[in-house]
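Engineer: Input sequences plus hints: build the corresponding full structure.
926 is the number that the working numbering gives to position 172 of the sequence shown; each next residue is one higher, with no gaps.
Worth double-checking, as some hints may not be accurate.
Capping the alpha-carbon separation at 20 Å, the derived lysine to aspartate or glutamate pairs in DMTMM-like fashion look like this [stated by the list, open to error]:
no. : residue 1 : residue 2
1   : K817      : E804
2   : K817      : D792
3   : K963      : E847
4   : K817      : E780
5   : K770      : E780
6   : K817      : E843
7   : K817      : E772
8   : K817      : E787
9   : K770      : E824
10  : K770      : E804
11  : K817      : D798
12  : K963      : E843
13  : K817      : E793
Pair ranges (Cβ atoms, derived) [claimed, not checked]:
no. : residue 1 : residue 2 : range
14  : T795      : R844      : 45 to 51 Å
15  : T795      : S959      : 35 to 41 Å
16  : G888      : A834      : 24 to 30 Å
17  : A924      : F822      : 34 to 40 Å
18  : P884      : A765      : 24 to 30 Å
Simulated from the structure, these hints should not be mistaken for laboratory data.
Please read these numbers as outputs of a predicted model, since none were measured by experiment.
From the three backbone atoms N, C-alpha and C, an ideal C-beta is built for every residue, glycine too.
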Amino acid sequence: MPYCARVPPSALRDRKRERTRRALLEAAVELFETRGYDETTVADIAAAAEVGTRTFFNYFASKEELLFPETDERVRAAVAAIGSRRPGERPVEVLLRALRAAGDNPGEHLVDDLSARIAALRAQVSRTVPSVSGRAAHAQLVAQREIARQLHVAFPAELDEVGAAALVGAVVGAVSGALTVLFQQPLNGAEDGERLHRRIHETTSRVLKPWLAQVETVG
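Structural biologist: Structural data, given as C-alpha cells:
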C-alpha cells in the first residue's frame, strides 16, 4: 500500500484562509475598478467572493484595508535587506537595494498583476477619499521612519538620525511623486495588471537612476 503523507489540519486551515483572503482581494479589485470605490460595499465584496459579511471582517477590518494588504511585508523586506548588507556597501546602495526588495515583495498572497492593480487603485482612490489618503500617508511615514532607523543603526558613523531620515525621505519621495503621476491614468481592466507592474518598475528605475549612477561611480 503506497504511503500518502498526511497534510496537518493546521496547514489545510492556512491554505483555506489564504484562498479566502485572495478571493476577497480579487473581488474587491474587480468591483473597485468596474463600479468605483465609493459605490462598492463590504457586502458587495463578500457576495462576489462567495462568503458572508461576517467572514469578510475576519480578514479585513474595513473596506479601506483592502487597499493596504502588503504594507507590513514590504517594510519587513526592506529591513531584512538592510540587515543583510554586504561589506563595503555604502548607505545609499543599501537603501536602494532595500527599496528594490520591498518593491519586489508584494507578499506571499499576491501575484504581481494583482499587487500592481491594488497600488494603482490605492493611488487613485487616495485623491478623492480622505480616509484612504490619510491611511496612505500614515503608512508611508511609518515605513520611512522604520527604514531610516534601521539605516542609521547599520551606518551609525556615517548617518545620524536626521541624515538617515533625509536620505530615505529624498529617495522615497522621488519614487512616490513619480508613481502618483503614473497612477493618474485609470486602469482599463484586469488585463492591465501585468502591463502596469512593468510600468511601475520602469518608472521606479528611471527615478532611481541618479542614485544608481552615484553608487556605480563610487564603486
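Engineer: Now look at each hint and say whether the structure bears it out.
Structural biologist: Hints, one by one, checked against the model:
1. K817 to E804: 16 Å, holds
2. K817 to D792: At roughly 10 Å apart (the allowed maximum being 20 Å), D792 and K817 satisfy the hint.
3. K963 to E847: Holds, because 12 Å separates the two Cα atoms, which is no more than 20 Å.
4. K817 to E780: The hint holds at about 13 Å.
5. K770 to E780: 15 Å, holds
6. K817 to E843: 41 Å, violated
7. K817 to E772: 18 Å, holds
8. K817 to E787: With a Cα-Cα distance of about 14 Å, the restraint between K817 and E787 holds, given a limit of 20 Å.
9. K770 to E824: This hinted pair holds, its Cα atoms lying about 19 Å apart.
10. K770 to E804: 13 Å, holds
11. K817 to D798: Holds. K817 to D798 sits at ~11 Å (cutoff 20 Å).
12. K963 to E843: 17 Å, holds
13. K817 to E793: Roughly 12 Å between the alpha carbons, so the hint for K817 and E793 holds.
14. T795 to R844: 45 to 51 Å: Given range 45 to 51 Å: holds, Cβ gap about 50 Å.
15. T795 to S959: 35 to 41 Å: 38 Å, holds
16. G888 to A834: 24 to 30 Å: Between G888 and A834, where Cβ atoms are some 28 Å apart, the hint holds.
17. A924 to F822: 34 to 40 Å: 24 Å, violated
18. P884 to A765: 24 to 30 Å: For P884 and A765 the Cβ distance comes to about 41 Å; the hint is violated.
When each numbered hint is compared with the structure, violations occur for hints 6, 17 and 18.
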